[in-house]
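Going down the list, the sequences are from chains A and B. Numbering of the first sequence is given in this note's numbering, commencing with residue 4 and proceeding in unit increments. Numbering of the second sequence is given in this note's numbering, commencing with residue 2 and proceeding in unit increments.
For the record, the hints were derived by calculation from the structure and aren't laboratory data. Take the hints with a grain of salt, since some may be wrong.
Taking CB as the label site, the calculated pair distances span [what the hints assert, rightly or not]:
id: 1; chain 1: B; residue 1: L150; chain 2: A; residue 2: G51; range: 24 to 30 Å
id: 2; chain 1: B; residue 1: T170; chain 2: A; residue 2: M63; range: 31 to 37 Å
id: 3; chain 1: B; residue 1: L79; chain 2: A; residue 2: M63; range: 20 to 26 Å
id: 4; chain 1: A; residue 1: P60; chain 2: B; residue 2: L79; range: 22 to 28 Å
id: 5; chain 1: A; residue 1: L55; chain 2: B; residue 2: W122; range: 26 to 32 Å
id: 6; chain 1: B; residue 1: G72; chain 2: A; residue 2: R44; range: 31 to 37 Å
id: 7; chain 1: B; residue 1: G72; chain 2: A; residue 2: T53; range: 27 to 33 Å
id: 8; chain 1: A; residue 1: G25; chain 2: B; residue 2: G27; range: 39 to 45 Å
id: 9; chain 1: B; residue 1: P59; chain 2: A; residue 2: G25; range: 36 to 42 Å
The model shown is predicted, which means the values in this text are computed figures rather than measured ones. Note that CB positions come from ideal geometry on N, CA and C, so glycine has one too.
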Amino acid sequence: MIVRPRGWNGRWLAPAAAFVLGSLWPAWCQACPVCFSGSRRIRLAFFGTTILLSLLPLGMIGGGLVWLRRGAGEFLAGEFEDRDA
Amino acid sequence: MEPRITELASHPGIRRRPFVDSASLGMALFVFTEVMLFAGMISAFVINQAGAPAGNWPPPGQPRLPIERTGLNTAALLASGACLLVASRRFRGPEPARAASWMGAAMALGAFFVIFQGAEWIALLGQGLTITSSQMGSFFYLIVGTHALHAVAAILALAMAWRSLRAGTLTRARLGAVSLFWYFVVLVWPVLYWKVYL
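Please work from the sequences and hints to get the whole structure.
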């Protein structure tokens with residue numbers, strides 16, 4: 004049984020299909036100002052910032068995990084306390 | 002004030018302290034997203050700057066950014082972070098009320114930074130650098146303005162924490178969260194200064 008979203012009557016199908024087909028038209032979609040540039044400086048900047056934006060979140064997550072690991076041993080030792088203690 | 006200790010519902014009689022208090026954890030996640038926001042803006046700026054012909058930055062007709070004066074302002078902001086560090090240590094000591102003066106100094110230096118930046122903006126606008134005058138102007142006001150907005154929000158948060166401290170109701174968790182936000186504002190600025198001004 005196909006469950007359709009509430010209010011869906013198919014009238015958005017044609018515009019949605021047109022949007023998808025339009026986005027597949029590469030000659031008209033030059034959103035990236037770097038990809039077609041022959042400048043070495045731009046390509047280097049693009050490369051460097053790609054590395055930065057890729058590694059920065061991973062580094063922050065990794066740093067958080069290292070911090071958790073270092074603090075966990077000390078914390079767990081005193082985590083549970085008896086009510087009457 | 003010590004972190005809140007809660008009793009486990011599944012194990013009555015066993016009490017558990019949170020490893021990280023909720024305020025600090027929430028602020029850490031927020032700061033994580035903010036770091037990525039600034040990283041994205043800096044990346045866009047760097048790529049745009051690389052697209053300018055060599056030796057053509059700032060663009061013709063646009064003023065040179067005030068490197069020396071902003072360097073001084075950067076020192077004031079870093080000093081503000083140091084003051085808050087001292088305030089946090091004092092707060093954990095035997096007399097938490099002694100942190101108030103250091104926290105006040107941190108706020109004053111932060112306010113100095115924002116006001117000084119505002120004065121620089123007025124001067125730059127007078128010299129023809131506006132948000133629509135060039136791509137440099139657009140990025141400059143976007144990046145530095147976003148940082149200034151964060152600085153103002155952090156100063157307000159510090160002011161509320163300072164008021165609670167004076168009233169004797171400030172918790173360690175709340176101070177930790179506010180401090181984290183301020184350290185972010187302080188530490189992200191040298192990176193912005195390096196990439197945008199130098």
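Here is what the structure says about each hint:
{"no.": "1", "hint": "L150(B) <-> G51(A): 24 to 30 Å", "in the structure": "holds (27 Å)"}
{"no.": "2", "hint": "T170(B) <-> M63(A): 31 to 37 Å", "in the structure": "holds (32 Å)"}
{"no.": "3", "hint": "L79(B) <-> M63(A): 20 to 26 Å", "in the structure": "holds (22 Å)"}
{"no.": "4", "hint": "P60(A) <-> L79(B): 22 to 28 Å", "in the structure": "holds (25 Å)"}
{"no.": "5", "hint": "L55(A) <-> W122(B): 26 to 32 Å", "in the structure": "holds (27 Å)"}
{"no.": "6", "hint": "G72(B) <-> R44(A): 31 to 37 Å", "in the structure": "violated (26 Å)"}
{"no.": "7", "hint": "G72(B) <-> T53(A): 27 to 33 Å", "in the structure": "holds (30 Å)"}
{"no.": "8", "hint": "G25(A) <-> G27(B): 39 to 45 Å", "in the structure": "holds (41 Å)"}
{"no.": "9", "hint": "P59(B) <-> G25(A): 36 to 42 Å", "in the structure": "holds (38 Å)"}
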